[in-house]
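K.L.:
Here are the chains, one letter per residue:
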Amino acid sequence: MISISTTGVELSSKELRRYQRHLTLPEVGIVGQKRLKAASVLLVGVGGLGSPLALYLAAAGVGRLGLIDFDVVEESNLQRQVLHGVKDVGRSKLASASERIRDINEYVTLDLHDTRLTSENAIDLISDYDLVADGTDNFPTRFLVNDACVFTGTPNVYASIFRFDGQLSVFGMPDGPCYRCLYPEPPPPGLVPSCAEGGVLGVLPGLVGTLQATEVIKLILGIGDALIGKLLLIDALSTTFRTLTVRKDENCPVCGEHPTITSLIDYEVFCGFSTARTVEREEQPVPEMTVWELRARRDLGDALFVLDVRKPFEAEIAGLGADQLIPVEELADRLDEIRINPDREFVVHCRTGVRSARAVMYLIERGFTRAVNLRGGIQAWSEDIDPTVLKY
Amino acid sequence: MKTSEYTRTPIHIPAPLRSYTGGRSTIEVKGGSVGEALEDLTHQFPALKQHLFDEEGILRLFVNIYLNDEDIRYLRHTSTELSAEDELSIVPSIAGGCPGNPTIF
Numbered sequence: 042m043i044s045i046s047t048t049g050v051e052l053s054s055k056e057l058r059r060y061q062r063h064l065t066l067p068e069v070g071i072v073g074q075k076r077l078k079a080a081s082v083l084l085v086g087v088g089g090l091g092s093p094l095a096l097y098l099a100a101a102g103v104g105r106l107g108l109i110d111f112d113v114v115e116e117s118n119l120q121r122q123v124l125h126g127v128k129d130v131g132r133s134k135l136a137s138a139s140e141r142i143r144d145i146n147e148y149v150t151l152d153l154h155d156t157r158l159t160s161e162n163a164i165d166l167i168s169d170y171d172l173v174a175d176g177t178d179n180f181p182t183r184f185l186v187n188d189a190c191v192f193t194g195t196p197n198v199y200a201s202i203f204r205f206d207g208q209l210s211v212f213g214m215p216d217g218p219c220y221r222c223l224y225p226e227p228p229p230p231g232l233v234p235s236c237a238e239g240g241v242l243g244v245l246p247g248l249v250g251t252l253q254a255t256e257v258i259k260l261i262l263g264i265g266d267a268l269i270g271k272l273l274l275i276d277a278l279s280t281t282f283r284t285l286t287v288r289k290d291e292n293c294p295v296c297g298e299h300p301t302i303t304s305l306i307d308y309e310v311f312c313g314f315s316t317a318r319t320v321e322r323e324e325q326p327v328p329e330m331t332v333w334e335l336r337a338r339r340d341l342g343d344a345l346f347v348l349d350v351r352k353p354f355e356a357e358i359a360g361l362g363a364d365q366l367i368p369v370e371e372l373a374d375r376l377d378e379i380r381i382n383p384d385r386e387f388v389v390h391c392r393t394g395v396r397s398a399r400a401v402m403y404l405i406e407r408g409f410t411r412a413v414n415l416r417g418g419i420q421a422w423s424e425d426i427d428p429t430v431l432k433y
Numbered sequence: 397m398k399t400s401e402y403t404r405t406p407i408h409i410p411a412p413l414r415s416y417t418g419g420r421s422t423i424e425v426k427g428g429s430v431g432e433a434l435e436d437l438t439h440q441f442p443a444l445k446q447h448l449f450d451e452e453g454i455l456r457l458f459v460n461i462y463l464n465d466e467d468i469r470y471l472r473h474t475s476t477e478l479s480a481e482d483e484l485s486i487v488p489s490i491a492g493g494c495p496g497n498p499t500i501f
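So the sequences go chain by chain: A and B. Using the numbering used here, the letters of the first sequence map in sequence onto residues 42 to 433. Using the numbering used here, the letters of the second sequence map in sequence onto residues 397 to 501.
These are computed hints drawn from the structure, not numbers from a lab. Don't take every hint at face value.
Here are the simulated PhoX-like cross-link-like pairs (lysine-lysine), alpha carbons at most 20 Å apart as the crow flies [as the list claims (entries may be wrong)]:
id	chain 1	residue 1	chain 2	residue 2
1	A	Lys259	A	Lys352
2	A	Lys259	A	Lys271
3	B	Lys426	B	Lys445
4	B	Lys445	A	Lys432
5	B	Lys426	A	Lys432
6	A	Lys289	A	Lys271
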């Protein structure tokens, strides 16, 4: 249960009348209504998802709502952003939203943050709230919100929409997974169309954002089963809801057992950087060794140094007993670790032999004259030598 | 494990990828393992391949494959065997939320 102090929180007779339908619910009651009043929620974005979130959280009596947005209401927003109306076109979304929210519930305190959420301000902004509801429309902000919530220990009610599909989950709970446990990396820009390009059914953010608001309210009240460790998939076209399992990844770079990211990074670089994965294949022939040869040489007891150039998570899945793991991306920086005896015979492997071929050419250029590529990589090892090695 | 190669497993295609499956949301694929099923899928719809796999044939990190309600990363990855009644789902990361002006730092 999220810790929310209701000490000193009172409900006036007017408020008691207003929240009557909540007070009759045993799961809410006076205690729950006081918890709602004592709670604070930060809404990242007041557009499609932010509209139902803001409307229902305000109506339900959440005491303090923080709104972050720096956009202006456009005509094309009105198809789904029901917080804003025709008269608001051209106004700032914050001005429009605050007017509407105050009309719904005068008891709600509003913090208006007319800014972008950035790596510089995210920790300060987020740590001022009990919960975050993430309704952002882009991957850099999505990862920023996730990481900042993990670092500050703030629950993050996540939702995302596209065309007719929605996703919903609760991240950032002490024993639960985070967004990076589900998706370690963002897609490269351009591969996944945005809603602006791909379109979105106007009612979809209403449907998904209302579910998001439901999760927020349940977490504040401490009732029911929140979507912690679960991903709800919503398909509006077929009207199907499916719940999948999301496990906490012990190797997660942010919330895992040995985190490698411990402070906020540059998320634009992070999200664009991962596009640099396509590397031109080498034209020159690369010295090779087959998996059969490697096994025979090992059986003979030859002093081969086997270097795995895959990522650590791949080595967790399957390995062939390498002497050392250095991801190909880090090879240039970590050459000293293997330079002790460059005349030794190096057998370099990856999954299929593409990355390791690149690594071999690099090593040869730097004096590792006896480096060879394991043809077919661990895939070939699994097929031809040891079928118990997992293919992935 | 599915005994006959004619045994089919339905695989759910999410909205962002349906433009590569002729708009179809469920495709029947054959194969005894997740890997074989995905191979059959990309054989039927070659344009899907680059969206699911990188240049080395590794499943992309922003696309998850679920067998029923479990992520195959926590099973036996693409070696996971399929049984009758199993269902596969492709679950990609989607970014939409407040479409409009994308945030650019």
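K.L.:
Hints first: check each against the structure and report whether it holds.
P.N.:
For each hint, the structure was consulted:
A threshold of 20 Å between alpha carbons decides the hint, and for Lys259/A with Lys352/A the separation of about 39 Å lies outside it, so the pair is violated. Restraint check for Lys259/A and Lys271/A: satisfied, since their Cα atoms lie roughly 15 Å apart, inside the 20 Å limit. Annotation: proposed proximity of Lys426/B to Lys445/B holds, straight-line Cα distance about 16 Å (limit 20 Å). For a cut-off of 20 Å, the pair hint linking Lys445/B to Lys432/A stands: about 18 Å separates their Cα positions.
Restraint check for Lys426/B and Lys432/A: satisfied, since their Cα atoms lie roughly 18 Å apart, inside the 20 Å limit. At roughly 10 Å between alpha-carbon atoms, Lys289/A and Lys271/A fall within 20 Å of each other, so this suggested pair holds.
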